[in-house]
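Respectively, the protein sequence lines represent chains F and C.
Under the numbering used here, residue 753 is the last one in the first sequence; the count climbs by one each step, no gaps.
Under the numbering used here, residue 892 is the last one in the second sequence; the count climbs by one each step, no gaps.
Keep in mind that the hints were calculated from the coordinates and are not lab data.
Careful: at least some of the hints might be erroneous.
Unchecked claim - Some, not all, of what chain C presents toward chain F, calculated at C-beta under 10 angstroms:
id, residue
1, A784
2, G788
3, F789
4, T797
5, A814
6, G834
7, V838
8, W840
9, T846
10, W849
11, G879
12, L882
Think of the CB as a built atom: it goes at the ideal place given N, C-alpha and C, for glycine as much as any other residue.
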Amino acid sequence: MDTSTPTRWITPAGLLPVLISGSLFVWFAQMIPVIAAGDTLRFVWEWVPSLGVNVSFYIDGLSLTFALLITGIGALVMLYSARYLAGHIHQARFSLFLTSFMLAMLGLVSSDNLLALFVFWELTTITSYLLIGFSHDTAKARRSALQALLMTGIGGLALLAGIILIGTTAGTFEMSQINAMPGVLTDSVMYLPIALLVLAGAFTKSAQMPFHFWLPNAMAAPTPVSAYLHSATMVKAGVYLMARTHPSLAGTDFWLWTLTIAGAITMVFASVMALRQTDLKLALAYTTLMALGALTLLLGNESGYTITAAVTFLIVHSLYKAALFLVVGILDAQTGTREANKLFGMARAMPITAAAAAIAAFSMAGFPPFLGFIGKELKYAGAIAVASEPILVAGAFLIASALMVAIAGIVSFRPFWSKSGDPIPNVKEAPWPMLVGPVVLAILGAFFGIFPETLATSLVNPTVAAIIGNAEPAKELKLWAGVNLPLFLSIATFALGFTLYYYKLKIRAVLIDMTTRGPSFDNGWDKLLLWVANGSKWLTRKIQTGVLYHYMLVTFGTALVVLAVTLWFRSTGIPAMGWPQVELWDWLVFLLVLLGAGLTILTNSRITAIAGLGVVGIGMAMIFILYSAPDVAITQLLVETLVVVLFAAAALKLPGLQREPLSKRWFDAIVAIGLGVVTTVILLKVTTGPIDRELTTFFETASWPEAFGQNIVNVILVDFRALDTFGEIAVVLIAAISIFALLRSKPEEEEKP
Amino acid sequence: MNSIILIAGARLQVVLLLVFSAYMLLRGHNAPGGGFIGGLIAATGFVVYAIACGTEDARKALRFDPGSIAGAGLGIALFAGVMAVFWGDALFTGQWLFIGATEDSKGIPLSSVLIFDIGVYLVVLGAILSITFALEEAV
Chain F
1 MDTSTPTRWI TPAGLLPVLI SGSLFVWFAQ MIPVIAAGDT LRFVWEWVPS LGVNVSFYID
61 GLSLTFALLI TGIGALVMLY SARYLAGHIH QARFSLFLTS FMLAMLGLVS SDNLLALFVF
121 WELTTITSYL LIGFSHDTAK ARRSALQALL MTGIGGLALL AGIILIGTTA GTFEMSQINA
181 MPGVLTDSVM YLPIALLVLA GAFTKSAQMP FHFWLPNAMA APTPVSAYLH SATMVKAGVY
241 LMARTHPSLA GTDFWLWTLT IAGAITMVFA SVMALRQTDL KLALAYTTLM ALGALTLLLG
301 NESGYTITAA VTFLIVHSLY KAALFLVVGI LDAQTGTREA NKLFGMARAM PITAAAAAIA
361 AFSMAGFPPF LGFIGKELKY AGAIAVASEP ILVAGAFLIA SALMVAIAGI VSFRPFWSKS
421 GDPIPNVKEA PWPMLVGPVV LAILGAFFGI FPETLATSLV NPTVAAIIGN AEPAKELKLW
481 AGVNLPLFLS IATFALGFTL YYYKLKIRAV LIDMTTRGPS FDNGWDKLLL WVANGSKWLT
541 RKIQTGVLYH YMLVTFGTAL VVLAVTLWFR STGIPAMGWP QVELWDWLVF LLVLLGAGLT
601 ILTNSRITAI AGLGVVGIGM AMIFILYSAP DVAITQLLVE TLVVVLFAAA ALKLPGLQRE
661 PLSKRWFDAI VAIGLGVVTT VILLKVTTGP IDRELTTFFE TASWPEAFGQ NIVNVILVDF
721 RALDTFGEIA VVLIAAISIF ALLRSKPEEE EKP
Chain C
754 MNSIILIAGA RLQVVLLLVF SAYMLLRGHN APGGGFIGGL IAATGFVVYA IACGTEDARK
814 ALRFDPGSIA GAGLGIALFA GVMAVFWGDA LFTGQWLFIG ATEDSKGIPL SSVLIFDIGV
874 YLVVLGAILS ITFALEEAV
């Protein structure tokens, strides 16, 4: 992606997504006054009313905040990609994926119905898979894409189970109604499974430990994708879910401690790992993990401070992180590398990028007067207010925030201003479409930092109200909150952060040494996949032996056991049986069938055995004739004829029948005779009861006046139950195609171990 | 199998069986018969022909690939079922046209269920023949 050569970048594929997301942003933005006034919007369209599946959209502060982030950052990222990928052979495909993702994500955050939410949830997983694997010609991209798909897909399944449990417990799938019933979920016996399943979905999507490893790998995607999906929007879907279900699921010890512990561990682990990375994009990926951990931790609580902190940090993080990702993308595109050890002093060549990076980094490090500072102060205030362990939580925030300061320096100070190395020569400033995104996002961070009340009244307060209700008002966003504990913690953060930055190379060396020796989650994942594949291969070999005898034995054996057990439990002992009127003709047919069966068992020739089977079949046909069912009899006769012909054609080429003597086939005999006896007993039992002739009477009377036919069997087949017949002939065709394919395929060569 | 008697007999039989299968198909609505039975009879005819003269000749005599016949049959049956929608009825509702109907007689009854049955006939014929031919060619 050499952007130095001028390429025509104004193409429909590049600009249409910008237009779509831009107009959606405007549409959502005009809802701000309504939402800020404390109202909510709801649109309902009944989709599958019998299952309670509605397409219902619900816009409150939470949804609107997410929607504005999605469409706003979306528009900037798409403008950026239009230039970044200009001239790429699959640019149109990229635009399609990215736009589809944006729409899916919008659906996710605005759905009121949980099942619709789930559908959109899965759609974001699929589009994310396509986008991570966009460079599908590299094995790394394919592996990362599959890993993300499986990881979030497993979480998605858990979420679906959780949603179904919520639906059956609460009696509705509409989240706005469930949240309006306090205690409906927390007081239920199903609370623990529900919370576990929902959190499994949220944790995999938002990459909490130990499900975090797919997110750094997802950086195989083009940089705009990383900025958009894997930092600002999609990975926050899990956070959104926790916030959305907060009113009905939070407030228990389980919720508090699970979110606190998972969030704290993820936060500290990720920020330490971020310092280890030399690839700037990977460093940013780990700081995203840190942010997700922090949000999870804060959402575990119910106090006004923590939730205000979570909402503010959500917005802050999306702004600065998207900007920094885009900056790294610019560095990568203009210099050809994003290695921290190769980039120095680029500010002279790219002044605008450097300025945007600096402003975004100040926000990330939490310097006043940027929004990041307010976010950090609130985090500390929230940490002190947590219900679990204020000292531990505040300590975790202190470590993570100090590391953020160091990483902000590594990502945006060192490459642009450091004199430790020589700048790469002949580098030009990025073209303007790629600069708009980082600059606008960075300036927004500064603007909201200086005028925090604009953000507070328009988005933060309604969002906090959506999460914890109006019980506790959102805390004020202030640049100067007076001399208090958070301020001292901030000062400590800066001191620690600068120290870490100063010793970064030494710390990195130690970390690299530690991580290469210790076990890695990524390798563990590979082992798990291999284990699953081998296990299923082993199981398939066990079940699918390929020997027809085994299949027959299992089929008839199962039928025997199921029928016999059912018969035994329905009527213990010998059941009462009727003895039907048997005529001479019946006895003759019975004898014929018996002869055929005996012949099949005893003969040593395949042809004779097949002919014997044919005799049995013809005997059956005669029974049908005796009981006046000519259609069935004709069909039976024809099928028997064809089967004998087919078998004979095959048998001619098969080796002779090698049979064991009758005395050794006692097990087959037990299954065969047992099934025969059980079936006979059931039939004799059936004949004792009165036969329900309702259907027969209906067909007899309705056949002629309604379907103009006198042959009831045919009328049923082609008219009354035509849909069934259609299904049957479709099955016939599928069977024919399968048999054809089996006969035509060459035997596979044995796989070499 | 190179038997003159069998070949001569088979040629005659195929004609008889095919005509009979058409007869069984058409009378099916009021008397024993119908698409399933008709298709089976027609298939028997071609199977006999294939045994006598070889599958190559049988394929030529059939003119169309048996798989295509079965596929077309499924399509025809689906069309007959969907047709009902044009008259505003539920799917697979029989549609009737009585040509020259008077007070006493129903004239020549034509219907979508007959088209459906023809589809069934073709699916059964095509499916059996594609299995049989492939089986005989494989061994």
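Tell me if C:T846 is really an interface residue toward chain F, meaning its C-beta lies closer than 10 angstroms to one of theirs.
holds, 8 angstroms
Have a go at the C:G788 hint: is there a Cβ in chain F nearer than 10 angstroms to its own Cβ?
holds, 7 angstroms
Mind checking the CB of C:T797 against every CB in chain F and telling me if the closest is under 10 angstroms?
holds, 6 angstroms
Given C:W840 as an interface hint, is the shortest Cβ-Cβ distance to chain F below 10 angstroms?
violated, 15 angstroms
Can we keep the C:G879 interface hint, with Cβ of chain F closer than 10 angstroms?
Where the cut-off is 10 angstroms and the nearest Cβ of chain F is about 7 angstroms from C:G879, the hint holds.
The hint names C:A814 as touching chain F; please verify it with the least Cβ-Cβ distance against 10 angstroms.
C:A814 check fails; min Cβ-Cβ to chain F is 17 angstroms, beyond 10 angstroms.
Interface hint outcome for C:V838 [beta carbon to chain F under 10 angstroms]
Because about 13 angstroms separates C:V838 from the closest Cβ in chain F, which is outside the 10 angstroms limit, the hint is violated.
Is the interface hint for C:G834 satisfied, with its Cβ closer than 10 angstroms to some Cβ of chain F?
With Cβ-Cβ at 6 angstroms, under 10 angstroms, it holds.
Checking hints one by one. Is C:F789 an interface residue toward chain F, by the C-beta closer than 10 angstroms rule?
holds, 6 angstroms
Would the stated hint for C:L882 survive a check requiring a Cβ distance to chain F of less than 10 angstroms?
holds, 9 angstroms
Have a go at the C:A784 hint: is there a Cβ in chain F nearer than 10 angstroms to its own Cβ?
Since the shortest Cβ distance to chain F is 6 angstroms, the answer is holds.
Hint validity - C:W849 Cβ closer than 10 angstroms to any chain F Cβ
At 6 angstroms from the nearest chain F Cβ, C:W849 passes the 10 angstroms test, so the hint holds.
Comparing the model with each earlier hint shows violations of hints 5, 7 and 8; every other hint is respected.
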